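Student: The residues making up each chain are set out below.
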Amino acid sequence: MITDAQPIITTRFGYDDSHTLDRFVATGGYQGLRAALRKTPQQVTDDVKAASLLGRGGAGFPAGVKWGFPPANVWPRYLVVNGDESEPGTYKDRMLMERDPHQLIEGVLIACYAVGLAQAFLYVRGEMALAQERIANALNEAYAAGYIGKNILGTDFSVDVVLTWGAGAYIVGEETGLIESLEGNRGMPRLKPPYFPAAIGLYQKPTIVNNVETLSNLPWIMNNGGEAFAKLGAETSKGMRMFAVSGHVNKPGVYEVEFGVTTFRDLIEAPIYCGGVRDGKRLKAFIPGGASSPWFFEEHLDLPLEAGAVGKAGSMLGSGAIVVMDEDTDIVRACHRVVRFFAKESCGKCTPCREGTNWLDKILRRILDGHGRPQDVDLLLDVCDNISPGINWPPRQTTICPLGPSAVSPIASAVSRFRHEFEAYVGGPVETTVHMTGAAYRAPEAAPSA
Amino acid sequence: MPRFTRENEELAREIIGRYPVKKSSLIPLCHLAQEQDGHLTEDAMEHIAELLELTPAEVLSTASFYEMFKREPVGKYVINVCTSISCFLMGGDELLEHAEEHLGTKAGGRTEDGLFFLEGYECIAACTEAPCLQVNYRYFHKITNAEFDDLIDDLRAGRRDDIPPHGTLATIRQHIAAEKAAGIASPDGGEQPVWLRDSPALQDSKPSA
Ligand SMILES: Cc1cc2nc3c(=O)[nH]c(=O)nc-3n(C[C@H](O)[C@H](O)[C@H](O)COP(=O)(O)O)c2cc1C
Ligand code: SF4
Ligand code: FES
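Protein chains in written order, with this note's numbering: chain A, 5 to 454; chain B, 2 to 210.
By construction, these hints were calculated from the structure, which means they are not laboratory data. Certain hints may be false.
To be verified - Examples of chain A residues lying across from chain B (beta carbon under 10 Å, computed):
| hint | residue |
| --- | --- |
| 1 | Asp97 |
| 2 | Leu307 |
| 3 | Ala311 |
Stated by the list, open to error - Reference listing, derived: stretches of chain A covered by chain B, where coverage requires no fewer than 3 residues with Cβ under 8 Å from a Cβ of chain B:
| hint | segment |
| --- | --- |
| 4 | 141-147 |
| 5 | 245-251 |
| 6 | 313-319 |
Only a predicted model underlies this, so the values are computations on that prediction, with no experimental measurement involved. Just so it is clear, CB atoms sit at the ideal spot from N, CA and C, and this is done for glycine as well.
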């Protein structure tokens with residue numbers, strides 16, 4: 005359903021100077037911070053809990069609940085802002101950082117006030133020069149105006165927000181990898197438990213890690229109340245949310261829509277959004293939530309963009325990235341393209357991921373080069389089954405972080421639905437013995453024979 | 002010579018001072034070194050090690066994990082053409098092929114004049130603007146072959162001074178004035194922040210300045 009709900013966090017994108025303090029303040033900026041400071045920290049947290057704001061970084065964990073996790077009486081606590089956006093298909097945090105950096109900073113301050121976070125580190129992906137410049141400039145402006153630093157707005161709330169940046173490694177988007185990187189180390193994830201950041205994070209201290217889009221929602225929530233936010237959206241998916249729709253559509257773009265009620269079909273087909281598959285072609289498949297999510301097909305189009313419904317159908321909304329493939333897409337090549345990413349970006353810490361993703365990459369290359377054998381497809385699944393036993397959704401994990409299992413989704417999706425395309429490459433009928441359990445890996449009653 | 006200049010050493014010390022633990026500034030300092038020299042030299046890593054009280058091997062251990070740190074000269078312009086899934090679907094491979102032909106070098110290599118370094122890259126978060134690329138981490142959205150050629154002409158002719166040479170990322174730096182700083186939060190012996198209590202920080206109901 006397309007609703008007339010108004011955008012919350014993309015409202016300034018139309019201004020050329022949306023990144024400046026002048027424009028920000030002229031359009032209600034830093035009023036959310038004032039509203040927060042007129043409440044007690046506990047009231048702010050309660051408001052964010054009432055909003056049921058789900059994390060927008062991929063895992064979808066409720067922000068207010070996460071804020072309640074740091075153990076009492078362990079100080080200091082830190083905030084780490086995750087601006088490492090790099091999952092193929094995902095494009096929204098960069099936009100928020102480049103076009104409305106003050107909104108993000110305001111969100112950061114609100115979180116620090118509520119949870120008692122003594123210092124904040126805003127970690128921007130290394131490859132994003134403009135975002136780094138815009139944030140540096142915004143921080144300098146905000147310090148000069150008294151919004152950050154010592155005695156914010158004349159109160160005894162004081163916190164420094166430090167811009168920091170990476171140097172090219174997808175895995176530092178994973179929160180414990182991010183913390184390692186921020187400590188000056190190789191960005192290899194830590195084992196959870198015990199290293200849940202809220203308990204043992206940066207410098208082994210309680211640390212809240214939140215995504216850029218998550219934090220950008222806080223000013224609106226402070227201005228309008230958590231309940232107003234929770235009135236938007238559906239049962240398990242409240243508020244508005246940004247979705248990037250890319251690939252074979254007429255109008256690829258980033259759209260902020262009502263979470264949980266808008267459907268995939270609305271986004272892909274409606275004239276105000278993507279206006280349908282390119283050149284009137286038929287849809288073949290789409291990735292619903294970033295490169296690590298199992299693929300969806302025609303029969304999933306009417307599902308709402310709602311965490312629960314999408315999860316039940318065997319996939320996830322992940323990072324809000326929808327990638328559309330039309331009927332002419334070479335599925336084996338597309339599948340390899342996604343797998344290649346995970347093979348390149350595996351940090352190498354765990355064997356199933358380091359070895360598994362690289363073998364998947366190699367086997368797929370062999371198939372694409374015309375040297376594949378019919379049994380290679382079963383071999384692919386066998387490797388997948390070793391990385392994530394049962395090939396289920398949500399995936400079982402034999403690895404430290406979810407990157408390993410992420411490489412399984414594109415293969416299971418492609419093999420379960422487009423076996424004939426693999427057969428065409430390997431030149432013979434393909435038999436598979438490995439069982440795939442995930443709901444999205446089961447063929448529908450009438451499988452499209454395209 | 003490729004230790005930090007006096008000026009950059011000052012800057013390095015300022016950056017180090019923003020973190021509760023010195024080593025946290027390691028990546029920003031490697032960027033600063035790369036900004037100074039165009040790539041990350043051994044001497045610079047040694048200097049960083051001195052400043053952070055680490056061994057050079059510790060600096061190398063971290064730096065070598067990250068793709069953006071180039072330990073060999075790469076030329077003035079690093080061109081990253083995205084070939085991840087969304088760009089792949091929209092002609093990213095063809096754009097990279099064209100770039101290879103036009104520049105006369107394979108992806109992963111330098112042009113003969115040493116000006117350009119070409120790479121096929123993974124997603125740069127511009128997926129709805131495919132096919133796309135970056136020059137020294139500055140974005141070019143929805144690029145056609147003709148536009149690519151024009152861009153290269155402009156870069157060769159020195160008409161793009163908005164794109165600083167490789168190594169320089171942000172041209173604007175954060176600066177925290179001493180009198181405005183809240184101060185670093187050391188992990189050793191912190192206390193509960195003063196504002197964390199049962200009354201609001203801002204008591205007045207009228208909007209303050
Ligand atoms: C391999 C991997 C990559 C990730 N990359 C990102 C990322 O680029 N940005 C992000 O915000 N979260 C990313 N996440 C999720 C983070 O670990 C973390 O859940 C998130 O930053 C928490 O913020 P949120 O609760 O506000 O969503 C990634 C997770 C994994 C496993
Ligand atoms: S699953 Fe892969 S990326 Fe994650 S920690 Fe293990 S080796 Fe590293
Ligand atoms: S896939 Fe090319 S920018 Fe994301």
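Student: Taking the hints in turn, state whether each one holds.
Tutor: Structure-based check of each hint:
no. : hint    : verdict
1   : Asp97   : holds, 7 Å
2   : Leu307  : violated, 21 Å
3   : Ala311  : violated, 21 Å
4   : 141-147 : holds (count 4)
5   : 245-251 : holds (count 4)
6   : 313-319 : violated (count 0)
Consistency note: the structure conflicts with the earlier hints numbered 2, 3 and 6.
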